[in-house]
Structures are given as C-alpha cells and as structure tokens.
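> Sequence:
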Amino acid sequence: MVCPLPSISLCMLPSLNFEQRHSFRSSLKPTSETLQRELFHKFNSPFELQQVHTLVIKTGTPLSALPLSRVASICALTPSFPYARRIFQLVDQPEISLWNSCLRDFAESDSPFDAILLFHQLRSHNVCPDSFTCSFVLKACLQLLDLFHGRIIHAFVEKLGLQFNLVLQNVILHLYSSCGQISDAILLFNKMPQRDTVTWNTMITQLGKRGDADSAYEMFLQMPERNVRSWTAMVSGFVQCGKPKEAVDLFTKMEEVGLKPNEVTVVAVLAACADLGALNVGRRIHKYSDESGFQRNIKISNTLIDMYIKCGCLEAARDVLGGMKERTVISWSTMIQGLAIHGKADEALELFSEMTQTGIKPNAVTFIGLLNACSHMGLINEGYAFFASMTRDYGIIPGIEHYGCMVDLLSRAGLLQQAHEFIKQMPIMPNAAIWGALLGGCKVHKNIEMAELAMRHLHELDSLNDGYYVVLANIYSEAKQWDNAARLRKLMRNRGLKKTLGLSSVSIKEVAHEFVAGDDTHPQFQEILKMWNQLQVHMRLKGYIPNTSVVLLDIDEKEKEKVLSRHSEKLALVFGLIRTPPGETIRIFKNLRICEDCHASFKLISEIVDREIVVRDRNRFHCFKDGCCSCRDYW
DNA sequence: GTAGGGTTAG
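full-length UniProt numbering puts the first residue of the first sequence at 1, with every later residue one more than the last.
Hints are computed from structural coordinates only; laboratory data are not their basis.
Don't take every hint at face value.
Once the Cα atoms are required to be at most 30 Å apart in a straight line, the calculated DSBU-like pairs of lysine-lysine come out as [said to hold, decoys possible]: (1) Lys490 / Lys542; (2) Lys299 / Lys243; (3) Lys498 / Lys542; (4) Lys260 / Lys191; (5) Lys361 / Lys480; (6) Lys424 / Lys443; (7) Lys499 / Lys560; (8) Lys530 / Lys446; (9) Lys299 / Lys245; (10) Lys424 / Lys446; (11) Lys260 / Lys209; (12) Lys344 / Lys625; (13) Lys424 / Lys542; (14) Lys443 / Lys287; (15) Lys480 / Lys499; (16) Lys260 / Lys344; (17) Lys245 / Lys191; (18) Lys253 / Lys243; (19) Lys509 / Lys490; (20) Lys446 / Lys325; (21) Lys443 / Lys625; (22) Lys344 / Lys253; (23) Lys287 / Lys245; (24) Lys509 / Lys480; (25) Lys480 / Lys490.
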C-alpha cells in the first residue's frame, strides 16, 4: 500500500540538505514534477513505456507531464507506435505536432532516412500530415538528395492543397535544384504565384553551384529586393564559377550600397582573394572581419590561412593558425598544403606530427598535402611511407589524387620507369592527370620515349588540352627534333588548339598590371626594354647565358633571345622593379608554369637588385632571394 | 518550417 501522504513539491522544502532531501524524497509518492524529471532519464526503451504509463495512472499524474516528444521519437519506428498514438490521443495537443517535432529531429540527425520511414508509418496508420510534416520530410529528402521521395511528397503537397504555401514551394525548389533537376526547378520557379527573397536566393545559389554564373547574375539583377544573403550568394557564386575578380567587384559594390557583409560573405570574398592573389584586399577584409568580431569563426580563420598562403605570405598564415583557439583538421591540412607549395616539406611533416599529437585525425585531403610536400622536395621514401600509412593507420583508401601525387613524386625525381610501373599497378583507371604527371617528369628528365608513351594515353583521355602537346613539343625541340616538333604543332592546329598565352601580373599599389608574352605594345615598353638591357649586362657578368632551348620555334638564336626576353613574367618583373621603391618585395602571378630561363634569370636578378621576388605559378611558389630560389631548383 | 561558408594531385 502506498503511503497516503499529500503530494508536496520538493522545492517547498528549501531548508533540507541533500541527504535529508533524498531520504525524504524516497518516502514520498512521486509528484508530476519529479516524475517528469525522472521519466526523462529513465526513458530508454519502448518496453518501459507501458511501465511508465502504469505509474502515471497509479499516481494520478496528468498525461501531459510525460515527455511526449521523447515518447514519440522512441516509438516512431517501433511496434509501440500504436500504443504511443493511443496515449497522444488522450492529450490536449494535436497528435501531428508531436510526430512533427520528431520528424524535425530525424531530418536533422545523422540518419535523415528515419524521417522518411516515419512519414510512411504515419501514412499507413492514417495520421493526417500537415504543412509542417511535409516541410520536415522534404528537409530529409534534401539531406539525402532523395529525389524519388521528394517527388512523392511534392505530389502529396499538391493533394493536400498546399501548393500556395510559399515555404513549402521554396523547399521543393531547393530540392529539385540541388538534385540536379535544374529545368524542373526553373519550371517550378516560373509558375510560382508568388516568390520571396528566399526563392530568388535559392535559385542564385544553385545556379552558382552548377557553374552558371551568367544565369545566376541575371537572377540577381532581376530580383525585386536583395538582402545580405542575396549578395553573399552571388559573391560566392562568382567564386565557385571561377570568377574571383567579379566576386571581389561585387563585394565592393555591396559595401558601397551600405550592406554589412556577414561571416559567410567574408569567407566567400577571402576565397576570391586567394584565387586572385589579391593580398591587399585580403588584408583589408581580414581587418574588417576582426573589427566585426568574427575572430572566433573557424571557417574564416581557415580561409584566411589559405588566402595568405596563396598570396605568398607564409608568415601571416602562420600567425592566423597560431592565434586560433580551436583548430579543425581543415586548419591543419590547409597549412600543410600551404607549406608544401612553398617547398617547406620539413615544416609540413613537422606540422603533421604536431597535429596527430593533439589528437586530430588526418583525412584524405591532409594526405594530399603531405604527398605534395614530399613531391615538391623529392622525398621518395617519406612519400611511400605516407602512402602506406594512410590506409594502414587511418583506413583511408587512396583516391585518384593520391595516386597522382605518387606518380608526380616519382616522375619528378626521375624514376620514370618506377612511375610507369606504379601506374600499371593502380587499382583504378588512370586519368589524364596521372599521365600528365608522368609527361611532366619526362620533360625535366628529357625522356622522349616515355613522353611519347604518356602522350598516347593523353591523346585518348584529354585530346583537347593544349598543355600536353606543348610539353611534348618542348621535349622535341630541346632535343632539336624539329620535324617532330613541327608535326605536333600541325596536329594542334588541325585540332583547333592554340597554345595558352603566358600571362603574368604584378601588383603595384593594389593595382594588378598584366603582361602577355611577347607584348611590345605596352605604353612603357621602351622603358622596360631599357631596364632589361641594363640588367642583362649584370646578369651576363654573373654568367647568365640565355637558355634558348626553351623556345619552341626553329628560328635563329638572336630571334630566340628576343622571344625569351619578352616572356610575360620577365616583363612583369622589370615593370615592377621600375615602379616600386628599392627593397620592396615584388609579387608576380603567372597563369602557366615559370619557364626555366626566367627561373635562372630571377635568381640572378634577386641578387643584383637585392630584392625578394615571389612568383606564384600554376603549381607552386618560387621565392627568389640572394640568388637562390625557395624551390632549391627542384620543380 | 524554407536560402549560404573553409583544405584537394598535374
């Protein structure tokens, strides 16, 4: 027999200490409050539902005291479902709202498919869904990119007469567009009776993700009202579409309009600066970000690290990493990759062990950075060791990129036969990048036979890429096989391929000055030429001999030297020397790889003019100082 | 209840 004491709330007894309270409590009949609290902890399996229910009845506790949403999530996908329903029907709360909160939790959980299962459960037990039900299930479909169920729910929305619910229409639009059904999305967009900013922003975001910057921008201009998210979506879209300049320009316009960029905008525009190598804009945004109180945002810090690295400022990148209170695997991987392209393999490897010591597990991208570091410095054994370790110690299956790094590592080091064997033993089909890496090694190590073999594969895999033909033509002309070189040029012509023009830019007071190879139409060309001739006198005294073998054309030596002296990176450097004060570091950005003659020249010039010259080429950084390059001539 | 962001071989 239960002790017939009146129900007293424990909080009415503040003077009792913990032990007293505890002994008192055990002699009391549970109140609704204590019951509710305890139920929350006890509720673990559906078996206990009946026991709890019995307790509730025995103590006369109102049913609403039960943690109903917890009951719902525990019973949702079990045979106790009907039992839970019977309880819900006794509570003064719409049944569907309980299932909805459960659906929301499932949709946001690690297994969103549970939301879809629950939806089927609800349907088969004739529970009537409402608009919230649909929105949560659609959210689950979106997480899973489950177009099949998405279409079912869409049909259901129409059946329930919810086709005028703007929120639902927006989710459906989002679902179609992110499942790659852009034409369905556009169809829906066009027939929507009303649209809001979310509708437009969704379209802009998804078009940007698909690489269609033009359509996205058209929408951006067309939309009646733009908020910060609209601008952010467009800035981000430009970055994703490989238009970082447009991204920075739009960002500037956004500031002019008086809108305050938020954390997401900052990430997007910093990524644009990284792509552009726009250090000054990047620095300004870093300052803005700090002033806005974004210091603790990990994604911003990670993007800042990447931005500084890609702008050639390793020190600044280190400072950002050093100042981070919390780091993710991305923070470390970004820095490791950064050190790799700056030729600091030892530091990259050190950072890796520091990372694992702090308990952070590397991911597939971390290993790309590590292998890259080995590759840029010729660390063959270390590279093999990392390649083996990634699977053995971390269960990461190497992807095509990892194989690419290994082929690059071996080829660069001149182990061409070994590289070829490695390719033949790959468990996945080698792609153009793999053969391209081998071809690159053949150029450095002047192996015509292997180069031709690689080219046969490249011919099949990526016949429209001019770069490979140029490399092979280069190999031929260096070996003075003019017939073969000419044959290749003819092949390129027949295929409608043109050699990508060399483009270099040098930034002076925030303005990027661009130079094209061979361009003598620049207004300051005469000045540049004069300066180059002066430099050459000093260079020749230091033993400089123009390396005319890099010139593809079969022309006389004097002509070759002329072509050589007008390489875009040389024009940019000389212009930079003229227009900047002595001692200032010169930063050059080139779209292709730096040529061997320019590399040799820059080393000498850095010594002659006593300046640091930082060149970011298509692959990595070269930092010239006191007659040496940070790549130690291994590239 | 609906829209967004960070590292990735050559």
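> All the hints need checking, so say for each whether the structure fits it.
Results of checking the hints against the structure:
no.: 1; hint: Lys490 / Lys542; verdict: violated, 39 Å
no.: 2; hint: Lys299 / Lys243; verdict: holds, 21 Å
no.: 3; hint: Lys498 / Lys542; verdict: violated, 36 Å
no.: 4; hint: Lys260 / Lys191; verdict: violated, 33 Å
no.: 5; hint: Lys361 / Lys480; verdict: violated, 51 Å
no.: 6; hint: Lys424 / Lys443; verdict: holds, 20 Å
no.: 7; hint: Lys499 / Lys560; verdict: holds, 17 Å
no.: 8; hint: Lys530 / Lys446; verdict: violated, 35 Å
no.: 9; hint: Lys299 / Lys245; verdict: holds, 21 Å
no.: 10; hint: Lys424 / Lys446; verdict: holds, 21 Å
no.: 11; hint: Lys260 / Lys209; verdict: holds, 24 Å
no.: 12; hint: Lys344 / Lys625; verdict: holds, 15 Å
no.: 13; hint: Lys424 / Lys542; verdict: violated, 46 Å
no.: 14; hint: Lys443 / Lys287; verdict: violated, 44 Å
no.: 15; hint: Lys480 / Lys499; verdict: holds, 20 Å
no.: 16; hint: Lys260 / Lys344; verdict: violated, 38 Å
no.: 17; hint: Lys245 / Lys191; verdict: violated, 34 Å
no.: 18; hint: Lys253 / Lys243; verdict: holds, 16 Å
no.: 19; hint: Lys509 / Lys490; verdict: violated, 43 Å
no.: 20; hint: Lys446 / Lys325; verdict: violated, 49 Å
no.: 21; hint: Lys443 / Lys625; verdict: holds, 26 Å
no.: 22; hint: Lys344 / Lys253; verdict: violated, 38 Å
no.: 23; hint: Lys287 / Lys245; verdict: holds, 20 Å
no.: 24; hint: Lys509 / Lys480; verdict: violated, 44 Å
no.: 25; hint: Lys480 / Lys490; verdict: holds, 17 Å
In summary, the structure is inconsistent with hints 1, 3, 4, 5, 8, 13, 14, 16, 17, 19, 20, 22 and 24 from the numbered list given earlier, while agreeing with the others.
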